[in-house]
Amino acid sequence: NAGVTQTPKFQVLKTGQSMTLQCAQDMNHNSMYWYRQDPGMGLRLIYYSASEGTTDKGEVPNGYNVSRLNKREFSLRLESAAPSQTSVYFCASSEPGQGSSTGELFFGEGSRLTVL
Amino acid sequence: RKEVEQDPGPFNVPEGATVAFNCTYSNSASQSFFWYRQDCRKEPKLLMSVYSSGNEDGRFTAQLNRASQYISLLIRDSKLSDSATYLCVVHGGTSYDKVIFGPGTSLSVIP
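Going down the list, the protein sequences come from chains D and H.
All letters in the first sequence, in the order written, are residues 1 to 116 by this note's numbering.
All letters in the second sequence, in the order written, are residues 1 to 111 by this note's numbering.
Honestly, I wouldn't trust all of these hints.
Keeping only pairs whose Cα atoms sit at most 30 Å apart, straight-line, the calculated DSSO-like set for lysine-lysine is [unchecked claim]:
#1 D/Lys9 <-> H/Lys42
#2 H/Lys45 <-> D/Lys9
#3 H/Lys42 <-> D/Lys71
#4 D/Lys71 <-> H/Lys45
#5 H/Lys79 <-> D/Lys57
#6 D/Lys14 <-> H/Lys42
Because the hints were derived from the structure by calculation, they are not lab data.
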C-alpha cells in the first residue's frame with residue numbers, strides 16, 4: 001500500500017500563478033486534511049473533509065480552495081499564488097476512532113512550494 | 001498565548017542520555033493527546049498516544065497532567081536514530097479542526 005500520495009513534491013510559482021496540489025489515499029479513510037508547515041509555527045490546518053462530499057475551513061483557509069473528488073482524492077488549489085503561500089504542504093488522512101478521536105493521522109511526504 | 005506550546009530546543013544530548021520534552025496546552029476541554037515524530041524534511045508520524053494514566057513504549061514514556069494541562073515525553077537511553085523533531089498534538093474537541101500541533105522540539109543525539 002502506498003498510503004498517502006501527494007504530487008508534485010516540489011513546485012516553484014510566480015506571484016499570481018495558479019496550481020493544484022493532488023492528494024490520494026488508499027487506506028479507505030473517510031477524513032482527509034490539508035496542512036501547511038512553516039518554521040516555528042507547527043502544522044496549521046487549511047481545509048479538511050470529514051467525509052466524501054463535505055469540506056470545511058480550517059485555521060488558515062484564505063487563498064485556497066479544495067475539492068473532495070471522491071473518497072480517495074482531496075485536492076488543494078491556489079488560485080492566485082502569493083509569496084506568503086511559500087510553505088511545505090502536507091496532505092493527511094484518518095479514520096475516526098472511538099468517541100471524538102480523529103484517529104491516527106497518516107501524512108503524505110509533503111509538497112514544497114516556493115512562490116517568487 | 002499559543003494553544004499548544006513546547007520547549008523550543010534544540011536539545012543536543014549524548015548517546016545513552018535521558019531527555020524529557022514538555023508541552024502545555026491552553027484548552028482545558030482537550031480530550032486526546034499525542035506525540036508525533038518528524039524526521040528532517042519528512043512527514044510527521046505517530047510516535048505514541050498519551051493516556052491519563054501514563055503509558056510506556058520501550059524507551060519512551062508519555063505522561064499527562066490534566067490539572068496542569070501539561071504533557072511530557074521521556075526518552076531513555078537515547079539512540080542516534082532518535083534524532084528528530086517531536087511534535088505535541090492536542091485534540092481539542094469533537095471537531096476535526098481542533099487537532100492542534102505544537103511547533104515541535106528538535107532533538108539531536110550526538111555520538
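Status of each hint after checking the structure:
no.	hint	verdict
1	D/Lys9 <-> H/Lys42	11 Å, holds
2	H/Lys45 <-> D/Lys9	18 Å, holds
3	H/Lys42 <-> D/Lys71	25 Å, holds
4	D/Lys71 <-> H/Lys45	22 Å, holds
5	H/Lys79 <-> D/Lys57	40 Å, violated
6	D/Lys14 <-> H/Lys42	25 Å, holds
Comparing the model with each numbered hint stated earlier shows that hint 5 is the single one that does not hold.
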